[in-house]
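Now for the letters of each chain:
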Amino acid sequence: MKNIRNFCIIAHIDHGKSTLADRLLDFTGSVTDREKQDQLLDSMDLERERGITIKSHAIQMDYEFNGEKYVLNLIDTPGHVDFSYEVSRSIAACEGALLIVDAAQSIQAQTISNLYLALENDLEIIPVLNKVDLPSANPEEVTDDIVDLLGCDPEDVIHASGKTGFGIENVLAAVINRIPAPKGNPDEPLQALIFDSVYNPFRGVETYFRVINGSIKKGQEIKFIATNKKYFADEVGTLKLKQLPKKEIKAGDVGYLITGIKDAREVKVGDTITDSKEPTKNAISGFEDVKPMVFAGIYPVDTEDYEELRASMEKLQLNDASLIFAPESSAALGFGFRCGFLGMLHMEIIQERLEREFDMTVITTVPNVSYHAYTKKQPDDIIIVNNPSDLPDPSTLDRVEEPYIKATIITKADFVGNVMSLCIEKRGQITNQTYLTTERVELNFDMPLAEIVFDFYDRLKTVSKGYASFDYHPIGMKPSKLVRVDILLNAQTVDALSALIHADNAQTIGKKMCEKLKELIPRQQFDIPIQAAIGAKIISRETIKALRKDVTAKCYGGDISRKRKLLEKQKKGKKRMRQVGNVEIPQQAFMAVLKLND
Amino acid sequence: MAGIYIHIPFCKQACYYCDFHFSTSLKKKDSLINALINEIKLRKHTLQNKRIETIYFGGGTPSLLNISELHLLIETVYNNFEVVETPEITLEANPDDLTTEKIIELSKTPINRLSIGVQSFFDDDLKMMNRAHNASESKKCLSVATQYFNNITIDLIYGIPNMSLQKWHKNLEIAFSFSVNHISSYALTVEPKTALHSFINSGKYPPLNEALALQHFNHLVETTAQQGFVHYEISNFGKPQFFSKHNTSYWQGKWYLGIGPSAHSFFGDQRAWNVSNNAKYIAAIEKKEPPVTHENLSNNDRFNEYIMTGLRTIWGVSFNRVETEFGSNTLNRLKKTAEKFIAEGLLNIVNEAKPSSTPKKGEFLQNTSSNSVLKTTNKGKFLADGIAAELFILS
Chain A
1 MKNIRNFCII
11 AHIDHGKSTL
21 ADRLLDFTGS
31 VTDREKQDQL
41 LDSMDLERER
51 GITIKSHAIQ
61 MDYEFNGEKY
71 VLNLIDTPGH
81 VDFSYEVSRS
91 IAACEGALLI
101 VDAAQSIQAQ
111 TISNLYLALE
121 NDLEIIPVLN
131 KVDLPSANPE
141 EVTDDIVDLL
151 GCDPEDVIHA
161 SGKTGFGIEN
171 VLAAVINRIP
181 APKGNPDEPL
191 QALIFDSVYN
201 PFRGVETYFR
211 VINGSIKKGQ
221 EIKFIATNKK
231 YFADEVGTLK
241 LKQLPKKEIK
251 AGDVGYLITG
261 IKDAREVKVG
271 DTITDSKEPT
281 KNAISGFEDV
291 KPMVFAGIYP
301 VDTEDYEELR
311 ASMEKLQLND
321 ASLIFAPESS
331 AALGFGFRCG
341 FLGMLHMEII
351 QERLEREFDM
361 TVITTVPNVS
371 YHAYTKKQPD
381 DIIIVNNPSD
391 LPDPSTLDRV
401 EEPYIKATII
411 TKADFVGNVM
421 SLCIEKRGQI
431 TNQTYLTTER
441 VELNFDMPLA
451 EIVFDFYDRL
461 KTVSKGYASF
471 DYHPIGMKPS
481 KLVRVDILLN
491 AQTVDALSAL
501 IHADNAQTIG
511 KKMCEKLKEL
521 IPRQQFDIPI
531 QAAIGAKIIS
541 RETIKALRKD
551 VTAKCYGGDI
561 SRKRKLLEKQ
571 KKGKKRMRQV
581 GNVEIPQQAF
591 MAVLKLND
Chain B
1 MAGIYIHIPF
11 CKQACYYCDF
21 HFSTSLKKKD
31 SLINALINEI
41 KLRKHTLQNK
51 RIETIYFGGG
61 TPSLLNISEL
71 HLLIETVYNN
81 FEVVETPEIT
91 LEANPDDLTT
101 EKIIELSKTP
111 INRLSIGVQS
121 FFDDDLKMMN
131 RAHNASESKK
141 CLSVATQYFN
151 NITIDLIYGI
161 PNMSLQKWHK
171 NLEIAFSFSV
181 NHISSYALTV
191 EPKTALHSFI
201 NSGKYPPLNE
211 ALALQHFNHL
221 VETTAQQGFV
231 HYEISNFGKP
241 QFFSKHNTSY
251 WQGKWYLGIG
261 PSAHSFFGDQ
271 RAWNVSNNAK
281 YIAAIEKKEP
291 PVTHENLSNN
301 DRFNEYIMTG
311 LRTIWGVSFN
321 RVETEFGSNT
331 LNRLKKTAEK
341 FIAEGLLNIV
351 NEAKPSSTPK
361 KGEFLQNTSS
371 NSVLKTTNKG
381 KFLADGIAAE
391 LFILS
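Residue numbers (full-length UniProt numbering), protein chains in the order written: chain A, 1 to 598; chain B, 1 to 395.
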């Protein structure tokens with residue numbers, strides 16, 4: 001055990017985490033030239049394309065240092081706030097963390113919150129200044145930032161470049177010298193932490209774990225404490241680039257487990273694995289059932305595809321247990337599902353995976369958070385509102401509460417004013433303002449979560465010219481003055497376009513929604529009035545003028561082929577539209593309220 | 001039967017709305033004509049010995065060629081293809097090139113149809129479009145040309161911003177006064193990457209107005225009908241016997257060979273087009289390698305093209321032909337998707353009784369097979385593209 005090191009990487013998106021990890025794998029000879037590709041640990045196409053990590057991953061490297069052989073387990077973690085619970089469990093599985101900071105961009109909000117998480121878990125932090133080879137690198141100043149933050153010595157900060165490989169040897173030396181070996185008793189009853197799982201269509205769910213005490217053996221009967229389910233360990237092993245089956249994984253080490261589980265929901269991140277006959281007395285602390293934060297309806301574009309959509313969602317849930325869904329129906333869209341997501345990125349990922357992996361064309365309705373409504377008749381009974389149409393009639397309503405978050409934003413001093421105005425517009429209340437350095441400011445706000453859903457990220461990026469990072473965590477429910485803004489197309493309410501909005505903003509947002517829809521809904525052969533309404537009161541109106549001319553004047557020899565392709569493309573676009581009444585609504589119109597300021 | 005199109009990629013100046021392939025530098029004119037002649041020879045077998053019914057000089061501005069150049073090109077076609085006895089040979093011409101002398105000379109060549117780019121009989125419109133000629137040149141050349149050619153078509157553009165209905169009406173009246181037998185009339189269209197496009201974007205020109213274009217179009221349809229023209233394609237109006245044979249072949253799926261840079265060809269189940277660059281074109285022909293890109297058409301492609309072109313013409317989309325060429329499933333599907341447009345009055349089904357053979361005496365409506373044809377109504381014509389797209393089958 002004394003030659004095992006377990007560590008994770010804390011970094012902001014684009015600070016070079018995946019590239020640096022690639023170099024570590026290179027350097028320790030963990031990959032052959034043939035296996036090499038960029039972002040090795042990001043196995044989903046989606047992750048590679050977007051340059052983000054969605055799932056946690058783990059890989060074991062063998063490394064010889066000063067004549068001794070070491071086993072290094074790197075646990076790669078997602079970098080987005082939607083997945084902060086997964087990050088917290090990965091951190092709990094490690095003794096140390098590489099804090100990777102871009103030498104040009106310095107520390108970001110996401111990094112800080114994960115860093116605090118790591119410090120709470122008593123992890124040894126190794127600061128790495130990455131991308132020092134860039135002309136825009138500013139190593140002295142960023143080193144000062146790191147020293148201020150960690151209270152470490154400037155010499156402790158390792159200069160590196162994932163791109164050129166510079167400094168990688170020093171990083172590995174620090175991992176071995178500075179990160180403590182795991183402590184644990186191999187003779188105690190089995191106690192292992194689940195930090196992630198991956199669905200394999202052939203082998204069932206692969207569970208990734210870190211053994212704290214005891215050991216896990218092939219064939220052993222085990223139990224998951226939170227779910228209280230028992231399984232046989234059909235296969236255990238370590239995670240090289242490919243899985244390497246072993247007879248036993250001992251305390252301190254990281255590995256995978258296959259039990260034939262077919263449903264990812266049985267494997268909960270943060271759960272404790274123990275022996276079924278001789279169980280540990282203590283479950284590992286910190287386990288939580290992850291709760292969805294954002295809800296939206298997902299509907300098939302073609303109503304006939306409902307059953308196929310259900311089957312696809314069920315399959316998707318098998319490998320993404322954080323997705324929840326329940327059938328619902330909409331007057332406008334027919335049958336579909338109300339889905340719960342960890343956040344906006346998670347929602348986008350689900351939608352994209354449905355389209356890519358299951359070839360489903362879907363419509364996602366306006367997302368919303370989960371509200372609590374109380375009626376005058378029963379002012380103590382919570383009505384959970386996950387869909388705007390579930391909000392009780394305003395006349396019977398006693399009060400509504402909405403979820404609030406504590407938001408942390410780190411930005412440059414120049415943009416503090418802009419960021420503040422944005423947050424105040426978003427109904428935020430400033431709770432704290434700290435100058436981390438003369439240039440960098442940390443701002444804290446209490447804000448309604450719903451405001452984050454509505455185009456907050458994009459606007460924050462705009463007002464700060466990209467120099468702001470953002471993180472949040474929920475702080476509970478607060479009373480709020482909410483109204484439902486309905487949209488009428490051709491005088492018919494389209495329930496899938498309804499949104500719950502704070503009464504003070506309803507007028508403005510209703511107007512912007514009408515304008516945006518006018519832009520997005522293609523003209524048809526008749527005028528289409530678009531109205532926004534609160535109850536029976538129309539608060540805004542636009543008209544999409546009828547299409548009068550839809551033919552090109554010329555169609556001679558050279559035009560035929562080009563024109564056919566153009567019209568075929570047009571028709572393909574129409575396949576993604578949903579007929580509501582006699583109006584055809586494109587997919588993106590349902591999300592229009594999220595991009596009102598574009 | 002087949003047609004040959006010859007593209008003359010030169011213009012004196014660029015009209016603001018034009019997105020055809022042309023050059024305003026005439027330096028390469030000689031070597032280009034040489035290349036055209038060589039291309040005709042190199043591709044003489046592509047039409048599989050089909051007889052040539054039509055030859056069409058388009059552009060650019062073919063009237064920039066002198067008589068001997070035109071002669072040479074026509075002669076080359078005759079020497080390499082079998083041409084029918086009285087082919088339709090059209091020359092696109094601009095009024096400023098059509099001096100009285102040139103018209104008389106042209107009338108002595110095999111060219112028997114002139115397509116004159118009048119566009120408008122008003123100088124302010126011509127200026128706005130950066131045309132090379134003025135209104136009086138148009139009128140003068142028409143009065144002479146009609147004496148030497150009986151088959152003349154003129155181009156007129158409508159839907160020009162701020163063009164009043166009265167002015168549009170006046171344009172048509174003047175056209176009728178010259179007793180032309182054919183009018184091609186186009187709505188002004190903003191093509192990407194044209195000067196007009198950037199002028200409208202920058203606010204230098206007012207944007208196009210669809211309602212105005214529709215009003216002009218309806219007026220055009222009405223008044224040409226009163227004058228005895230048949231509206232046989234969205235933008236084409238001809239007296240009986242004076243429809244453009246060459247252009248009709250585009251919409252009826254006849255084979256054609258396109259000669260010259262950017263020219264397109266059609267060989268039944270294949271389309272092909274030449275490179276749109278004069279220098280590259282000339283260089284390739286010099287190497288005896290015509291710079292052609294081919295595209296094979298799938299069944300769906302051919303069906304979609306038939307729908308698209310059929311709905312533009314009075315010949316419509318024949319149910320018999322759809323069934324024979326694409327099968328009864330495709331026909332049923334077409335009928336189903338067309339229902340919505342029939343209900344909206346944009347399409348209709350016309351039953352055209354056609355005798356299966358010449359009726360003998362005493363035979364009346366026996367032995368006739370009725371063929372249903374799907375057509376756009378007058379109301380549907382201006383929406384024909386959108387309707388066609390809806391009827392398409394995607395692979």
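If you are wondering where the hints come from, they were derived from the structure by calculation, not from laboratory data.
Careful: at least some of the hints might be erroneous.
[To be verified] These stretches of chain A come out as covered by chain B in the derived footprint (C-beta under 8 Å, 3 or more residues): (1) 149 to 157; (2) 567 to 573.
[What the hints assert, rightly or not] Just the calculated beta-carbon pair ranges, DEER-fashion: (3) B:72 with A:302: 57 to 63 Å; (4) A:203 with B:340: 46 to 52 Å; (5) B:377 with A:377: 54 to 60 Å.
As the structure is a prediction and not an experimental result, all values here were calculated from the model.
No residue lacks a Cβ here, since even glycine has one placed at the ideal position from N, Cα and C.
Comparing the hints with the structure gives:
1. 149 to 157: violated (count 0)
2. 567 to 573: Answer holds; 5 residues pass the 8 Å Cβ test.
3. B:72 with A:302: 57 to 63 Å: holds, 59 Å
4. A:203 with B:340: 46 to 52 Å: holds, 50 Å
5. B:377 with A:377: 54 to 60 Å: holds, 59 Å
Consistency note: the structure conflicts with earlier hint 1 alone.
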